[in-house]
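Trainee: So you can see what is in the structure, the chains are spelled out below.
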Amino acid sequence: MGYCPNTPDDIREMLAVIGAGSVEELFSSIPADLRARSFDLPPGMSELELTRHMKEKAAACGADIVPFIGGGIYDHFIPAAVDHLASRAEFYTAYTPYQPECAQGTLQALYEYQSTICRLTGMEASNASLYDGGTAVAEAALMSLRITERHKVILDASVNPLHREIVSGYLHSLSAEAVQVEPKGCTSDLDRLMAFIDGETAAVIVQSPDFFGNVQDFRALAQKAHEHEALLIVSCYPIALGLVASPGEMGADIAVGEGQSLGNPVSFGGPYFGFIATRKRFIRNLPGRIVGETIDHQARRGFVLTLQAREQHIKRHKATSNICSNQSLCALRGLIFCAALGKKGFEELALLNYDKAQYAKSVLASVKGVDLLTGGATFNEFTLSLPWDASEVVQRILEKGVAAGVPLGRYYQGMEKALLVTVTEKRSKDEIDRLAVLLEEALWS
Amino acid sequence: MELIFEKSVSGRCGVRVPLSDVPKAPPLSEALRRQEPVRLPEVSELDLVRHYTNLSRRNFSVDTNFYPLGSCTMKYNSKVNEDVAALFAGCHPVLALLPGGESLVQGPLSLVHGLERQLAEITGMDEVTTQPLAGAHGEMTGIMVIAAYHKARGDNKRKYVIVPDSSHGTNPASAAMAGYEIVTVPTAPYGDMDLDLYRKAMNEEVAAVMLTCPNTLGLFNPHIAEICAIAHEAGALTYYDGANLNAILGKVRPGDVGFDVIHVNLHKTFSTPHGGGGPGSGPIGVRGDLVRYLPTPRVVRREDGSFAVEDHPEGIGRVSDFFGNFGIMARAYAYITMLGREGLIEVSEHAVLNANYMMARLKEEYELPFDQTCMHECVFSASRQVEHGVHAIDVAKYLVDRGFHPPTVYFPLNVKEAIMIEPTETESRQTMDAFIEVMLEAARLARENPERLQEAPVTTPVGRLDETRAARAQQVCCE
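Residue numbers (our numbering), protein chains in the order written: chain A, 1 to 445; chain B, 446 to 924.
Treat each hint with caution, since some may be false.
Claimed, not checked - Simulated crosslink set (BS3-like; lysine-lysine; CA at most 30 Å straight-line): (1) A/LYS429 with A/LYS400; (2) B/LYS602 with A/LYS280; (3) B/LYS604 with A/LYS318; (4) B/LYS696 with A/LYS344; (5) B/LYS604 with A/LYS57; (6) B/LYS469 with A/LYS429; (7) A/LYS315 with B/LYS645; (8) A/LYS318 with B/LYS596; (9) A/LYS400 with A/LYS184; (10) B/LYS524 with A/LYS315; (11) B/LYS452 with A/LYS344; (12) B/LYS602 with A/LYS315; (13) B/LYS861 with A/LYS318; (14) B/LYS452 with A/LYS315; (15) B/LYS596 with A/LYS315; (16) A/LYS315 with A/LYS57; (17) B/LYS469 with A/LYS368; (18) A/LYS344 with A/LYS55; (19) B/LYS808 with B/LYS861; (20) B/LYS524 with A/LYS55; (21) B/LYS696 with B/LYS808; (22) B/LYS602 with A/LYS318; (23) A/LYS429 with A/LYS417; (24) B/LYS645 with A/LYS318; (25) A/LYS426 with A/LYS344; (26) B/LYS469 with A/LYS426.
What the hints assert, rightly or not - Pairwise CB distance ranges, derived in the manner of DEER restraints: (27) B/GLU748 with A/SER445: 34 to 44 Å; (28) B/LEU491 with A/LYS184: 48 to 58 Å; (29) B/ASP466 with A/ASP64: 15 to 25 Å.
What the hints assert, rightly or not - Away from chain A, derived, C-beta distances all over 10 Å, residues of chain B: (30) LEU477; (31) PRO631; (32) PRO634; (33) LEU640; (34) ALA646; (35) GLY680; (36) GLY720; (37) GLY733; (38) VAL736; (39) ASP816; (40) GLU832.
No wet-lab data here; the hints were simulated from the structure. Backbone N, C-alpha and C fix where the C-beta goes; we use that ideal spot for every residue, glycine too.
Extracted from the complex, chain A is given alone in its bound form (with noise of 0.2 Å):
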């Protein structure tokens, strides 16, 4: 049942050995009053029957519906070799590689990943990943406090606003500070952003494209922010870097965000992975797992978990985070997949996410009482306005098998009529006109 492999033959000679009547003598360190009072659970199934049991549950998870939503999750094409190979089970059935000599499988894929995500991200030094998008950005905050000894950040609120709360919980407990600016309309107010700096503040959080879809240019913040000495952290979609300027050249300080997008199913919500990359002077501050190269006593080249005295299994209450785990499985479907796209193919798909999704703009922009809320430039995502309530309107062409996009009056206060659309590789022509048809008949017929 629990594959356990030990027979009654077995268990007689081990108890004989260990000088044990019983298998439950072993428990008899246990007080009789701290016993289980209950443990109600039904009984087993066969393999079978649980396979027959998990298809009846994942034939109600809406896998069929068309998806124009996004939102920092997105529905993109992965190639059959990145699956393939992440189940490799030498991969997925290793832990942490604390052995190096027997880990330098996973120990060089991070290596690989942590080289993919610098590139990606114009930096000079990431880790081997963290849990997810916001829990990545709330570390980078932290880690903004640490090298800045202060204690405020400023938060744009055109940042993600699931990534939002979650920065606010991590700073509240520490009692920090988190200064959320409002957008203009659907856009970063850069301006007020940057009148908000001062010698106080540990960093300014970004993010382009931002959850409206806007890419920004954030060189004027960059230069606001190193004038007081705060940092920059811009968190970024990876696909969206095949083609838009990254935050290394943008001037950020730290570049961080949700990894999913690379080569991970939606999946319900994770597993996930967050990335976090930064200047090289910055190193010892980062949270988490790194993995850095170095040499054998015959000068074989290898590679080993690298800058642990800022870990918590040393450091214990001083470390630069809890975290002692790190998202190797999903890190490495991200890597796998920017491997198998390569140089050309990375950008072709930035390219495709890009035309389809400013075809659909110009599609659904020209139904009748829509207008277009992001009128500059935008990635694979744009907010419309509606004439009236954006979630009513979802609501019915959901019914139709088709998500139309994410309603903002949930997230944003007097925006209950800003619809986020977003556009993959993976939408075809004909599904973003049949959009623009379902648009029009759930507003007008």
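Here the structure of chain A is known, so what remains is to put chain B in place on it, guided by the hints.
Mentor: Only chain B this time, still in chain A's reference frame:
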């Protein structure tokens, strides 16, 4: 082995991107555009497949090697769990948040709720949240819940969290991230937190005490109920680190004993694969008044039997983006459902039997600092081998040469030269016997030919690596 970047040939491509079916759009402005394409490798699909297949062969793993890594519960990860978790790959989490979307995702919502109920029954807690993404993340979430509880009562004087010196490093680190100062209580000669010193450390400025039971020596602490009572008397709460839950499934429920908050590592006790260091999953369970402080959102069951996502306004907010690492949760749910009540009890019984067998057979050659019946793991010391110049790390590296993943070494910190062995319930006596033979051989070699151990490993692609050089060079990505 070469890096994937070193195999790159300009102009070569792997996976083909689909052709566009829409018109070309006007380009982004120069200022917003990336100046050069990302320098990703240019390799064929076969190059790619061979590279990562060959890399995987440079790993030890549960599927290829016995992996008795103490405290990590490296049990077998059944294949059916991989398959059933993949059934949900295409389910977008944002669907659940759309108006009218809940009805489309009843399957996964019922799974989240079902797993929470299973874990509540297994641990004896009232409610569980699956949101935390790893054990340490669960610890931090649990301590944030405790902080919210004290704060809501206007009890603002509590600024300390007590941990034993033998605790996992994550305990103090998590409590520090949740804003607390740490008080460390030493271990008494009998192997558990010193009760007298604990009593002295407990007062009305303490928010919580964090404990692992069985402790990191693999011993069951018979005083845990008393430890809980002392904390509660002072108005503090009790936190149970579920790292070692595999030992007590069906035998002890932390909630019954008096713990207020618990985290569970699905990747240990509930058989989800460790993934080379993650993803894990660290749900937390709480009792009584603490339920209201759990993170938002909650998956609830309505009276008509359907499932809904609800905001949890008094809670500590959000600790991860959605409902937790769903793919991992699906595997754990499948494991618990398939094993059922009897199967889970069998797990703890066989885990404890295997560990005691290992202990009985090795204690003649290896120093056993706490010689008593252990739970799911046992901790030896290589102190006798040190007399011959052989350290725990040398024994570990020799095991690698003989095809075994080493036990955890140098943890817990309160045992010098610690060797911590956790066989888990899924290993057969024959596998353990083979491991034991090599351990005994290592003890003999330590006396007769210590160099053989000191130069190990010699069968791996690289020998012992220069960690100091790595830390100094800080070469963490290729140029």
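Trainee: So, for every hint listed, does it hold in this structure?
Mentor: Structure-based check of each hint:
1. Only pairs whose Cα atoms come within 30 Å are accepted, and A/LYS429 paired with A/LYS400 is accepted, the gap being roughly 18 Å.
2. With a C-alpha separation of about 40 Å, the suggested pair B/LYS602 and A/LYS280 falls outside the 30 Å cut-off, and the hint is violated.
3. About 16 Å separates the Cα atoms of B/LYS604 and A/LYS318, which keeps this hinted pair within 30 Å; it holds.
4. Only pairs whose Cα atoms come within 30 Å are accepted, and B/LYS696 paired with A/LYS344 is rejected, the gap being roughly 58 Å.
5. A hinted pair counts as satisfied when its Cα atoms are at most 30 Å apart, and B/LYS604 with A/LYS57 does not qualify at roughly 45 Å.
6. Taking the CA atoms of B/LYS469 and A/LYS429, the gap is near 13 Å; set against the 30 Å cutoff, the hint holds.
7. Under the criterion of a C-alpha separation no larger than 30 Å, the hint pairing A/LYS315 with B/LYS645 is consistent with the structure, at around 25 Å.
8. Pair hint A/LYS318 plus B/LYS596 holds up; C-alpha atoms about 24 Å apart against a cutoff of 30 Å.
9. Between A/LYS400 and A/LYS184 the CA atoms are separated by roughly 34 Å; this puts the pair beyond 30 Å, and the hint is violated.
10. The suggested pairing of B/LYS524 with A/LYS315 is violated, with an alpha-carbon distance near 37 Å, which exceeds 30 Å.
11. Straight-line distance between C-alpha atoms of B/LYS452 and A/LYS344 comes to about 16 Å, which keeps the hinted pair within the 30 Å bound.
12. At most 30 Å may separate the alpha-carbon atoms for a hinted pair to count; B/LYS602 and A/LYS315 meet this at roughly 26 Å.
13. As the CA atoms of B/LYS861 and A/LYS318 are separated by approximately 23 Å, the hinted pair is consistent with the 30 Å bound.
14. For the suggested pair B/LYS452 and A/LYS315, the alpha carbons sit about 39 Å apart, so the restraint of at most 30 Å is broken.
15. With a C-alpha separation of about 28 Å, the suggested pair B/LYS596 and A/LYS315 falls inside the 30 Å cut-off, and the hint holds.
16. Restraint check: the Cα-Cα separation between A/LYS315 and A/LYS57 comes to about 44 Å, which exceeds 30 Å; the hinted pair is violated.
17. At roughly 24 Å between alpha-carbon atoms, B/LYS469 and A/LYS368 fall within 30 Å of each other, so this suggested pair holds.
18. For a cut-off of 30 Å, the pair hint linking A/LYS344 to A/LYS55 is broken: about 39 Å separates their Cα positions.
19. For the hint pairing B/LYS808 with B/LYS861, the CA-to-CA distance comes to about 16 Å; that is within 30 Å, so the pair holds.
20. Restraint check for B/LYS524 and A/LYS55: the C-alpha separation of about 16 Å stays at or below 30 Å, so the hint holds.
21. A C-alpha spacing of about 27 Å is found between B/LYS696 and B/LYS808, which places the hinted pair at or below 30 Å, so the restraint holds.
22. Distance check on the hinted pair: B/LYS602 and A/LYS318 sit about 22 Å apart at the alpha-carbon level, within 30 Å; holds.
23. Straight-line distance between C-alpha atoms of A/LYS429 and A/LYS417 comes to about 25 Å, which keeps the hinted pair within the 30 Å bound.
24. The straight-line distance between the Cα atoms of B/LYS645 and A/LYS318 is roughly 24 Å, inside the 30 Å bound, and the hint therefore holds.
25. Taking the CA atoms of A/LYS426 and A/LYS344, the gap is near 19 Å; set against the 30 Å cutoff, the hint holds.
26. Restraint check for B/LYS469 and A/LYS426: satisfied, since their Cα atoms lie roughly 16 Å apart, inside the 30 Å limit.
27. Our hint of 34 to 44 Å for B/GLU748 and A/SER445 holds, since their Cβ atoms are close to 35 Å apart.
28. For the pair B/LEU491 and A/LYS184, the beta carbons lie near 51 Å from each other, so the given range of 48 to 58 Å is met.
29. Distance hint check: the CB atoms of B/ASP466 and A/ASP64 are about 21 Å apart, consistent with the given range 15 to 25 Å.
30. With a minimum CB-CB distance of about 5 Å to chain A, B/LEU477 fails to clear the 10 Å threshold, and the non-interface call is violated.
31. With a least CB separation of 14 Å from chain A, B/PRO631 remains clear of the 10 Å interface cut-off, as annotated.
32. The beta carbon of B/PRO634 is kept farther than 10 Å from every beta carbon of chain A, the shortest such distance being approximately 17 Å.
33. Distance to chain A confirms B/LEU640 as a non-interface residue, since its nearest Cβ pair spans about 15 Å, more than 10 Å.
34. At the 10 Å boundary, the C-beta of B/ALA646 stays outside the reach of chain A, the nearest C-beta of that chain being 15 Å off.
35. Against chain A, the non-interface label of B/GLY680 holds: every CB pair exceeds 10 Å, the least being about 20 Å.
36. Against chain A, the non-interface label of B/GLY720 is violated: not every CB pair exceeds 10 Å, the least being about 3 Å.
37. B/GLY733, annotated as away from the interface, keeps every beta carbon of chain A farther than 10 Å; the closest lies near 16 Å.
38. For B/VAL736, the requirement that its beta carbon stay farther than 10 Å from each beta carbon of chain A is met, with the minimum near 18 Å.
39. Here B/ASP816 stays apart from chain A, with its beta-carbon at least about 12 Å from theirs, past the 10 Å limit.
40. Taking the minimum C-beta to C-beta distance to chain A, about 24 Å, the non-interface status of B/GLU832 holds against the 10 Å cut.
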